[in-house]
Amino acid sequence: MPQHTLRQKLEILADAAKYDASCASSGTAKKNSLGGKGVGSTEGMGICHAYAPDGRCISLLKVLLTNHCIFDCHYCINRKSSNVRRARFTPQEVADLTINFYKRNYIEGLFLSSGIVKSSNHTMEQMVECAQILREEYDFRGYIHLKTIPEADPQLIHQAGLYADRVSINVELPTRQGLNRLAPDKDERQIESALAKTKSRIIEAKDERKRFKHAPRFAPAGQSTQMIVGADNASDADIVGKASKLYGAFGLRRVYYSAFSPIPDASAVLPLKRPPLMREHRLYQSDWLMRFYGYAPGEVAQATDAHGNLPLDIDPKLAWALKFRGSFPVDVNRGSKEQLLRVPGLGTTAVGRILAARRHRTLRLDDVAKLTQSIAKVRPFLVALDWRPTMLTDRADLRTLLAPKQEQLELF
Amino acid sequence: MAAQRANMQNVSLGAHYVVHLPAPDDFAFWRERARGLIQCDVPPDRVSWVEPGGTSDLFAVEGPSRGEKRLPVPEKDARPVRASKRFMKLARNAALHSDPERFGLLYRMLWRLQSNHRAMEDKADTDVRRIEELDKSVRRDSHKMHAFVRFREIESEDGEHYVAWFEPDHHIVRANASFFMRRFANMNWSILTPRGCIHWDGETMRESGPAQRSDAPEGDPVEDLWKSYYASIFNPARLKVGAMLAEMPKKYWKNMPEAELIPGLIAGAQAREAGMVAAGMREERQRPASLADIGKAIADCGDCPIAECGTRAVMGEGPVGAPLMIVGEQPGDQEDVVGRAFVGPAGQLLDKYLERAGIDRSSAYVTNAVKHFKYVQRGKRRVHQTPQAKEIDTCRWWLEAEREIIKPRVILALGASAARGLIGKTVSISKARGTPIPLEGGAELWVTSHPSYLLRLDGEAQEKQAALFAADLFAVRERLAQQMA
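In order, the protein sequence lines correspond to chains G and D.
Each residue of the first sequence is one higher than the one before, starting from 1 at the first, in the working numbering.
Each residue of the second sequence is one higher than the one before, starting from 1 at the first, in the working numbering.
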């Protein structure tokens with residue numbers, strides 16, 4: 001095998017990592033480098049140090065330790081039967097790269113993942129070693145996210161959680177059939193049992209810290225997972241259902257959706273087309289509805305069409321409102337917080353501002369306009385002191401009024 | 001009332017006051033002066049706030065004493081000035097904005113808070129909204145400073161020194177010094193800006209006056225690695241330039257080393273994406289709807305390197321709706337010549353065993369996992385080559401299409417290549433044989449060895465394998481009978 005330079009390795013192994021959606025560096029315990037000997041701080045809010053032209057935030061150095069893999073998952077560019085260039089970092093190289101980038105303020109920390117070489121345990125050991133070098137040798141106090149391998153020894157996963165801010169395990173596909181077909185070496189039960197074990201360790205560690213001040217932290221930023229959208233034929237309702245099950249059962253901080261994008265040297269069983277970015281976006285929106293707007297998973301499913309998919313032209317909240325017009329209009333001066341949160345176009349911030357402002361005055365439509373992003377969007381669903389959307393909520397063409405306008409094509 | 005009357009003695013009626021701030025971000029100074037002015041009942045329209053380098057408004061300049069009226073001094077027992085915590089938090093941050101009106105705005109709000117303690121809660125109020133806007137843009141500017149400062153390493157007498165050049169929109173540099181101190185506590189660093197500089201040596205923070213871009217170092221060898229990373233982590237199939245610009249506006253680009261790559265990455269993205277799809281070989285294409293269509297389509301298929309062998313595609317044969325589908329590896333030399341599956345030596349052996357097991361070949365659909373014969377030429381002979389996993393996976397698309405049309409209940413895979421064509425992973429025959437594997441869509445898969453394997457063995461091994469092969473076929477027959485019943 002040809003010897004790669006550090007730069008070539010970085011190119012290969014960052015390229016291989018770009019299909020992972022998560023780059024979050026938020027929600028961990030506060031720490032800083034005062035009184036230590038290294039660098040690094042985390043202060044709750046994540047920081048995006050750059051944005052790539054794909055609009056995604058670059059917060060962490062996101063690389064694979066190696067893209068050699070003994071597994072053969074069809075959607076993955078690093079699968080055994082793919083013929084991509086392969087490379088391998090040593091744990092020390094990744095640690096040095098992290099520190100060098102961090103000192104120049106390029107990143108918040110490291111997101112380390114890996115293909116599986118030799119065995120799951122061997123790979124996991126190497127990843128833990130890298131985190132250990134960073135934490136112990138360099139006294140690094142920035143963010144570390146480790147992607148753990150469900151098949152590895154629980155003891156190793158435990159160690160990973162002691163060094164990392166966040167650990168994650170990918171469930172990969174929303175249905176068991178999809179997983180069996182596209183990731184034949186993976187096992188849903190094994191993935192879920194690893195998620196469950198990590199959850200109980202996170203809870204134990206939190207509990208211990210309540211009683212003993214110096215009890216070690218375990219993954220203070222919790223665990224997350226990722227699902228690939230568009231590689232199999234699971235509907236949006238399936239995906240949303242699976243996500244809510246995951247949130248409930250495993251206490252996940254986030255479920256990431258990754259629109260399946262064509263990969264070089266793809267396996268023949270996969271759709272090769274532009275990644276369904278809009279669908280991914282709608283799924284994130286529905287995720288938000290469940291987490292911050294009080295929608296039950298079943299209610300999100302009510303917004304889907306006959307095939308269980310969310311409409312692509314309008315957001316799921318508007319889709320739900322159009323289906324359940326009986327719940328509208330909501331009186332902006334009397335409606336409860338829960339009712340206001342269901343109004344399309346009102347976010348959590350706007351609702352908070354409306355609730356605060358209406359203690360001081362009875363809101364007119366003009367006042368609402370000052371508190372929200374777009375009055376045109378919320379108007380049909382609201383009653384204000386000087387506004388009542390007579391007839392509007394009953395119009396059959398309300399959807400066309402509110403959906404983004406189709407662009408008129410010009411002669412070429 | 002008495003206190004108010006007493007205050008009035010200090011305040012000249014109708015006078016206009018000008019307060020000169022020592023620094024544009026000196027909130028403590030503003031707070032001190034604002035407190036005194038409110039205690040003396042000076043209404044907002046009679047105070048101007050001037051920061052260094054700024055001018056006061058018309059009233060002050062044209063006033064009799066050029067506006068430099070001495071500020072009134074409040075009585076000792078003057079009413080204390082009150083403000084909500086929320087106002088203090090917002091005001092402290094909003095005061096860093098570069099809008100020259102900000103101190104007047106904050107004074108007006110503070111004035112109003114004295115008669116209405118809850119005025120900040122009215123989010124629809126114009127002043128409240130403006131203060132929130134100022135606060136928001138200062139927070140954004142600070143956040144972008146945390147994110148987009150780029151240090152470059154230089155060698156100095158006391159070791160490594162990291163220097164950055166940054167151009168903030170507002171007066172945020174001093175307020176954010178502690179963030180960088182907490183983060184880089186054990187590093188020597190300087191942040192140079194046109195609004196003043198901060199320096200940290202591991203123990204103390206030092207401030208200095210405005211700097212120029214030319215004071216900052218030019219480059220750093222690690223930047224090349226960083227740029228490689230930036231270019232590699234970008235997924236060209238997901239180009240979303242608008243989303244990038246919303247969070248990283250062009251004004252920041254000139255001080256970020258990676259930004260010089262952006263135009264090239266955008267320009268090359270579509271070509272790279274098309275390349276990715278083309279490298280994956282297939283356009284989104286419709287699956288053929290009939291066996292005849294598949295037969296036609298595979299004849300022109302060049303999706304994998306086997307096409308370079310120049311052999312003909314051999315289509316499967318058998319009735320649509322056959323309960324059994326038999327899948328081999330790939331056509332052999334004779335199959336390629338004749339153009340039909342399983343007619344060579346292995347095919348003849350298969351026929352013999354099928355007959356013995358009581359399976360009627362003509363009622364089954366017989367095909368191969370790979371449709372073309374892959375070989376190397378040795379003298380006059382064309383020697384069979386096992387297809388690679390990737391080639392089998394490529395051809396799986398056709399096999400799936402056949403399966404969809406035939407809809408068999410039982411599938412018999414002859415050999416590991418055939419099994420891979422159906423389940424996408426390589427199994428060991430000795431482990432997989434004897435137990436059916438459920439497939440998507442309800443069919444079940446039975447795996448056995450390829451008859452050509454029997455042809456290559458002899459003696460005891462041959463007998464043993466032949467018995468196993470025969471047993472597998474019997475099991476399949478039994479299973480078919482059960483399915484029929």
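Just so you know, the hints here were simulated from the structure itself, not pulled from any lab data.
Accuracy of the hints is not assured; some may be wrong.
[To be verified] Simulated pairs of lysine to aspartate or glutamate, DMTMM-like, Cα-Cα distance not exceeding 20 Å:
(1) Lys254(D) <-> Glu203(D)
(2) Lys370(G) <-> Asp122(D)
(3) Lys337(G) <-> Glu121(D)
(4) Lys206(G) <-> Glu43(G)
(5) Lys186(G) <-> Glu51(D)
(6) Lys296(D) <-> Glu404(D)
(7) Lys370(G) <-> Glu247(D)
(8) Lys370(G) <-> Glu440(D)
(9) Lys254(D) <-> Glu153(D)
(10) Lys425(D) <-> Glu440(D)
(11) Lys227(D) <-> Glu203(D)
(12) Lys103(G) <-> Glu153(D)
(13) Lys103(G) <-> Asp158(D)
(14) Lys103(G) <-> Glu203(D)
(15) Lys390(D) <-> Asp185(G)
(16) Lys425(D) <-> Glu444(D)
(17) Lys103(G) <-> Glu121(D)
Predicted model, so just to flag it, every value in this text is computed and none were measured.
Status of the hints after comparison with the structure:
Taking the CA atoms of Lys254(D) and Glu203(D), the gap is about 31 Å. The hint is violated against a cut of 20 Å. Restraint check: the Cα-Cα separation between Lys370(G) and Asp122(D) comes to about 11 Å, which is no more than 20 Å; the hinted pair holds. Restraint check for Lys337(G) and Glu121(D): satisfied, since their Cα atoms lie roughly 17 Å apart, inside the 20 Å limit. Between Lys206(G) and Glu43(G) the CA atoms are separated by roughly 19 Å; this keeps the pair inside 20 Å, and the hint holds.
Distance restraint check for Lys186(G) and Glu51(D): the Cα-Cα separation of roughly 65 Å exceeds the 20 Å cut-off, and the hinted pair is therefore not satisfied. Proposed proximity of Lys296(D) and Glu404(D) is supported: the alpha carbons are some 17 Å apart, at most 20 Å. Distance restraint check for Lys370(G) and Glu247(D): the Cα-Cα separation of roughly 24 Å exceeds the 20 Å cut-off, and the hinted pair is therefore not satisfied. With a C-alpha separation of about 55 Å, the suggested pairing of Lys370(G) with Glu440(D) is violated against the 20 Å cut-off.
Proximity of Lys254(D) to Glu153(D) is assessed by CA-CA distance (about 18 Å); at most 20 Å being required, the pair is judged to hold. The straight-line distance between the Cα atoms of Lys425(D) and Glu440(D) is roughly 15 Å, inside the 20 Å bound, and the hint therefore holds. Note on Lys227(D) and Glu203(D): the hinted pairing is violated, with a Cα-Cα distance of about 32 Å set against a maximum of 20 Å. Proximity of Lys103(G) to Glu153(D) is assessed by CA-CA distance (about 9 Å); at most 20 Å being required, the pair is judged to hold.
Taking the CA atoms of Lys103(G) and Asp158(D), the gap is about 17 Å. The hint holds against a cut of 20 Å. Taking the CA atoms of Lys103(G) and Glu203(D), the gap is about 17 Å. The hint holds against a cut of 20 Å. Only pairs whose Cα atoms come within 20 Å are accepted, and Lys390(D) paired with Asp185(G) is accepted, the gap being roughly 16 Å. Of the supplied pair hints, the one linking Lys425(D) and Glu444(D) holds, its CA atoms being roughly 16 Å apart against a limit of 20 Å.
Between Lys103(G) and Glu121(D) the CA atoms are separated by roughly 42 Å; this puts the pair beyond 20 Å, and the hint is violated.
Hints 1, 5, 7, 8, 11 and 17 from the list above are not met by this structure, while the remaining hints are.
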